[in-house]
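Peer 1: Keeping their order, the protein sequence lines are chains A and X. Heads up, the first sequence is in the working numbering, so the first residue is 33 and it goes up one at a time. Heads up, the second sequence is in the working numbering, so the first residue is 29 and it goes up one at a time.
If you are wondering where the hints come from, they were derived from the structure by calculation, not from laboratory data. Built from N, CA and C at the ideal position, the CB exists for glycine as well. Hints are supplied without guarantee of correctness; some may be wrong.
Reference excerpt, derived from the structure (chain X facing chain A, CB under 8 Å, subset only) [unchecked claim]:
1) R43
2) D113
3) N124
4) T133
5) E136
6) K209
7) P213
8) I272
9) A303
10) T306
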Amino acid sequence: MHVIRDDGSLDPNFDPGLSIDQVVALYKAMVRTRIVDDRLERIQRQGRIAFHVGSLGEEAAIIGAAAALRDRDWIVPCYREVGALLWRGYPLQRYIDHMYGNGGDPLHGRQMPDHTVSREHRYLAVSAPIGTQIPHAVGIAMASKARGLDECAGVFFGDGATSSNDFHAAMNFAGVYRAPVLFLCRNNGYAISLPTEQQTATRTMAEKGAAYGVPAARVDGNDVLAVWRAVRDGLQRATSGGGPTFIELMTYRVGGHSTSDDPRVYRSQEETDSWRKADPLLRLRKHIEQRDMWNDELDGDWRAVCNAEVKECVRRAEEKPPPALGDLFTDVYAEQPWHLREQQAQCVDGSRAIDEENKS
Amino acid sequence: MTEMNLVQAIRSGLRGALQQDENVLVMGEDVGRLGGVFRVTQGLQKEFGADRVLDTPLSETGILGTAIGMALHGLRPVSEIQFADFIYPGFDQLVNEAAKYRHRTAGEFHVPMVVRTPYGGGIRGGQYHSQSPEALFIHTPGLKVVCPSNPYDAKGLLLEAIRDEDPVLFFEPKRVYRAVKMDVPDEPYTVPLGEAKIVRPGEQVTCIAWGAMLYEAFTAAEEVAKQGVDVEVIDLRTLWPLDIGALVASVEKTGRVVIVHEAPRTCGFGSELVALITERAFLHLEAPPVRVTGWDTPFPLTHEHEYLPLAHRIAPALLETARY
Numbered sequence: 033m034h035v036i037r038d039d040g041s042l043d044p045n046f047d048p049g050l051s052i053d054q055v056v057a058l059y060k061a062m063v064r065t066r067i068v069d070d071r072l073e074r075i076q077r078q079g080r081i082a083f084h085v086g087s088l089g090e091e092a093a094i095i096g097a098a099a100a101l102r103d104r105d106w107i108v109p110c111y112r113e114v115g116a117l118l119w120r121g122y123p124l125q126r127y128i129d130h131m132y133g134n135g136g137d138p139l140h141g142r143q144m145p146d147h148t149v150s151r152e153h154r155y156l157a158v159s160a161p162i163g164t165q166i167p168h169a170v171g172i173a174m175a176s177k178a179r180g181l182d183e184c185a186g187v188f189f190g191d192g193a194t195s196s197n198d199f200h201a202a203m204n205f206a207g208v209y210r211a212p213v214l215f216l217c218r219n220n221g222y223a224i225s226l227p228t229e230q231q232t233a234t235r236t237m238a239e240k241g242a243a244y245g246v247p248a249a250r251v252d253g254n255d256v257l258a259v260w261r262a263v264r265d266g267l268q269r270a271t272s273g274g275g276p277t278f279i280e281l282m283t284y285r286v287g288g289h290s291t292s293d294d295p296r297v298y299r300s301q302e303e304t305d306s307w308r309k310a311d312p313l314l315r316l317r318k319h320i321e322q323r324d325m326w327n328d329e330l331d332g333d334w335r336a337v338c339n340a341e342v343k344e345c346v347r348r349a350e351e352k353p354p355p356a357l358g359d360l361f362t363d364v365y366a367e368q369p370w371h372l373r374e375q376q377a378q379c380v381d382g383s384r385a386i387d388e389e390n391k392s
Numbered sequence: 029m030t031e032m033n034l035v036q037a038i039r040s041g042l043r044g045a046l047q048q049d050e051n052v053l054v055m056g057e058d059v060g061r062l063g064g065v066f067r068v069t070q071g072l073q074k075e076f077g078a079d080r081v082l083d084t085p086l087s088e089t090g091i092l093g094t095a096i097g098m099a100l101h102g103l104r105p106v107s108e109i110q111f112a113d114f115i116y117p118g119f120d121q122l123v124n125e126a127a128k129y130r131h132r133t134a135g136e137f138h139v140p141m142v143v144r145t146p147y148g149g150g151i152r153g154g155q156y157h158s159q160s161p162e163a164l165f166i167h168t169p170g171l172k173v174v175c176p177s178n179p180y181d182a183k184g185l186l187l188e189a190i191r192d193e194d195p196v197l198f199f200e201p202k203r204v205y206r207a208v209k210m211d212v213p214d215e216p217y218t219v220p221l222g223e224a225k226i227v228r229p230g231e232q233v234t235c236i237a238w239g240a241m242l243y244e245a246f247t248a249a250e251e252v253a254k255q256g257v258d259v260e261v262i263d264l265r266t267l268w269p270l271d272i273g274a275l276v277a278s279v280e281k282t283g284r285v286v287i288v289h290e291a292p293r294t295c296g297f298g299s300e301l302v303a304l305i306t307e308r309a310f311l312h313l314e315a316p317p318v319r320v321t322g323w324d325t326p327f328p329l330t331h332e333h334e335y336l337p338l339a340h341r342i343a344p345a346l347l348e349t350a351r352y
């Protein structure tokens with residue numbers, strides 16, 4: 033499914049009917065996400081942060097899906113979806129602090145960069161093992177249903193995750209229990225180096241839904257309005273008791289898998305360049321310019337605002353001290369057991385003493 | 029009070045939890061209509077409905093992964109893994125997800141779930157119906173590990189585990205599921221996690237055991253008592269977090285310790301117990317700590333009674349340790 037045509041006009045058969053202000057807001061969020069990505073990639077190259085996993089070229093799939101969900105719906109991320117979290121209003125400073133693992137990082141520097149979480153924004157935790165979050169989303173949706181809550185869970189994952197056992201288990205459970213869950217598969221062409229055609233023998237990812245009794249759709253993931261429309265359709269199915277939907281978002285990972293990757297090893301520059309023409313930002317911009325809601329001046333101003341914002345967040349993040357060492361030893365359990373109390377003292381105070389209380 | 033075996037006491041605990049808290053649900057393979065392959069959940073689906081006692085598709089990853097999601101969103105799932113030997117497909121969900129969720133979200137989310145699973149040998153189950161994988165989970169920060177030996181403790185510990193805010197692995201000694209009977213209160217009650225129990229006071233050797241092997245340790249202690257050796261038998265009940273105080277106090281008194289478990293010896297929980305006791309009570313020790321355990325082989329069928337650390341293997345270890 034496409035909504036935005038090459039000439040920038042909308043296909044009236046699929047136009048989801050968003051207001052022009054909503055469409056401009058989507059564009060601005062996509063630009064902001066790209067600028068944040070770009071800045072983080074550069075400071076990683078300078079050795080100022082350990083790692084970054086970006087979403088260059090996939091902004092429409094991520095932000096379009098997040099925008100189609102309601103605030104009460106859960107987002108269960110893979111690791112490339114910080115644009116969705118920012119869309120929900122997560123403070124940029126908090127995100128940049130997390131990227132630095134500094135004292136302002138709500139996770140106390142425990143996690144690699146880009147492993148965000150926020151209960152306030154109904155955004156679950158990022159986990160590096162592939163596919164493990166998919167059954168969590170189904171469990172959340174089953175809990176919503178059991179508790180009679182009008183909610184849906186949207187779970188992001190890549191094409192590679194469709195090979196994980198967690199994916200199959202989750203699809204099967206969602207089908208059996210008709211859980212109100214949306215499987216948001218960002219098919220960006222590659223799982224690190226492995227192209228999608230070597231990931232699976234099926235022609236599409238969407239056809240996998242049939243094996244689990246899960247209705248599926250396949251949309252242009254670089255068309256933010258097509259993404260919005262497909263996700264909203266799935267949401268309506270989920271919240272009207274119709275169960276899960278699998279949505280294949282066709283996109284392309286223009287950047288490397290992460291800052292640790294070098295895609296030149298496994299794909300050609302020509303291939304990547306051809307996808308730059310399908311840039312979701314260019315496409316949407318053409319549409320809003322056609323409607324006289326955007327122009328070069330507005331674009332330049334907005335980019336300047338975003339650049340200044342991220343630059344300031346980076347400056348502040350670099351001034352913050354590291355988290356307290358003792359923070360490592362909390363939150364392992366609800367209450368800290370004796371052995372962690374003892375190890376915290378050994379780590380923080382350099383003491384080899386055995387906790388007197390537990391000596392006998 | 030009703031006389032119950034372990035199966036009945038655990039069922040009574042589950043029934044109490046389902047009655048007390050509408051957010052508790054029971055899920056697993058064959059737990060509903062059939063009542064579980066060991067009949068622990070018999071009758072619960074009829075009583076509480078298929079929405080609270082879920083017969084799940086055959087996938088440990090699916091059971092544990094969706095249970096985590098439910099626990100993240102306000103429910104208290106009690107999953108059954110049919111045999112501990114089958115837990116490994118869901119191992120990643122337990123050690124990388126459930127165990128770490130609180131820490132990796134700095135307490136924004138946590139996973140109050142219980143995973144019940146029958147463990148251990150002695151039922152002619154061979155390699156894949158006899159394993160004791162507790163050490164793998166004790167080794168994982170963020171998990172609690174419980175292993176009751178008797179019906180009273182099983183019900184009380186299970187109810188406490190369900191109320192606990194952290195993920196709890198609840199290993200059930202299937203060898204004695206029906207063999208041990210005792211009076212158990214019909215109403216719900218709890219037994220605190222993290223407290224060991226001295227089941228036979230003694231002065232000369234400390235013998236630490238849990239689950240089904242507790243009875244073997246007790247039998248061996250009675251046996252060697254006839255030869256004048258007075259053994260203190262401790263039932264750990266909760267394996268982690270460990271009641272280190274109870275163990276050290278006992279060893280400070282006896283100066284000698286024998287540890288019994290079914291799992292293979294190398295890197296079994298006994299290794300950690302020996303290390304902890306040696307670190308804390310070294311100057312009280314009169315003999316090397318001894319482990320009587322399963323062998324470092326896969327669990328056998330024909331020779332399971334030679335594999336298991338039964339009383340006939342524990343008694344000589346107690347005598348040697350006492351006379352060292």
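Peer 1: Next step is simple, just say for each hint if it's right about the structure.
Peer 2: Hint by hint, here is what the structure shows:
| no. | hint | in the structure |
| --- | --- | --- |
| 1 | R43 | violated, 19 Å |
| 2 | D113 | violated, 18 Å |
| 3 | N124 | holds, 6 Å |
| 4 | T133 | holds, 5 Å |
| 5 | E136 | holds, 4 Å |
| 6 | K209 | violated, 33 Å |
| 7 | P213 | violated, 27 Å |
| 8 | I272 | holds, 5 Å |
| 9 | A303 | violated, 12 Å |
| 10 | T306 | violated, 12 Å |
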